[in-house]
Amino acid sequence: MYDVILPSLAEGVDKAHVTYWFRSEGDDVKEGEDLVELVTDKATFKLPSPASGTLKEILAAEGTEVKVGQVLAKVQ
Amino acid sequence: MILDFGVIDFEKCLSIQKELVRRRRLGEIDDSLILAEHRNVFTIGRTGKIENLLVEPADLKKHRASLIFTDRGGDITFHGPGQVVLYPIIDLRNRNRDLHGYLRDLEDLVINLLSDYGVSANRMVGATGVWFGSKKIGFIGVSASGWVTYHGASININTDLSFFSMCQPCGLKDVEVTSLKRILGKEIAMDMVKNRIVSCFEEVFTSWHSRKFVKSDIGGIFAAQVSAALA
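Quick note, the sequences are listed as chains U and A, same order. Numbering of the first sequence is given in our numbering, commencing with residue 1 and proceeding in unit increments. Numbering of the second sequence is given in our numbering, commencing with residue 1001 and proceeding in unit increments.
In short, the hints are calculated from the structure, not lab data. Bear in mind the structure is a predicted one, so any value in this text is a computation, not a measurement. Just to be clear, a hint being listed does not mean it is correct.
Here are the simulated SDA-like pairs of lysine to any residue, each with C-alpha atoms no more than 25 Å apart in a straight line [unchecked claim]:
(1) U:Lys15 x A:Met1166
(2) U:Lys74 x A:Gly1146
(3) U:Lys15 x A:Thr1070
(4) U:Lys67 x A:Ala1058
(5) U:Lys56 x U:Asp41
(6) U:Lys15 x A:Leu1060
Quick partial rundown of chain U residues pointing at chain A, CB under 8 Å, derived from the structure [to be verified]:
(7) Asp41
(8) Lys42
(9) Phe45
Just so it is clear, CB atoms sit at the ideal spot from N, CA and C, and this is done for glycine as well.
Just chain U, with the same shape it has in the complex (with noise of 0.2 Å):
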């Protein structure tokens, strides 16, 4: 099982808001595809999956606050 976790995305700032899931649970992904947008400032973030496999669970909702170091989803 892989963490999906929130990188530090800019010097001093330790939290973003999570604005669009790529993918669904259940779904199919595959290492490096754009699974989750996040959003700092006027600056959006795709990070990408860290692995292939099965998005298995996701941790943090649409819309919500998160923060780095946070695991936003877990893929197998």
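Keeping the supplied structure of chain U fixed, place chain A upon it in accordance with the hints.
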């Protein structure tokens, strides 16, 4: 590589950016810059609201404008002829993986460009973009896919500013918008502006050197994709 598309459809240009992002992520191309103008279009970013468009979407046609929801950061803005839009395709993995630092770099680029014309512009803390006094002249909204950037910044040069009264730019109430033409009181040569943008781009992104200024003759490994997108 620098690509000057002249006037190009917003969505066509976006699909080219995405292809370049894909190739940049694979290391097939270097950091690049697209320069463009768009036909009249309002675009709304991920954190934008349709309420910030102050005319009925159905009435846009008679203003010869369209509306597109897109995946950059930010709220509503307007693009039209006479406005230069720049879309850097840059791998931020080589630039400290700092999205806010990148927004500041784009502000610097626009501020430096305007200073070439003797215009002293500034940034405003908490209101990303470039301002001439209290009037907005440079608009910024970016995206990054796996740290490679697309979307970018637009600068009002000879833009028809009447369109900005049809929206609340960036979702800000009562914001006045200006252009280089309005500030200097004369039409500005767009080719000159574009050349200066390239210089400013090289200055701000110092690790970057243009290898080739590609104008209309689009060469290189993605010629086929670009031609297909332009067709």
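TODO: If any of the earlier hints don't hold here, list their numbers in rising order.
DONE: 1, 4, 5, 6
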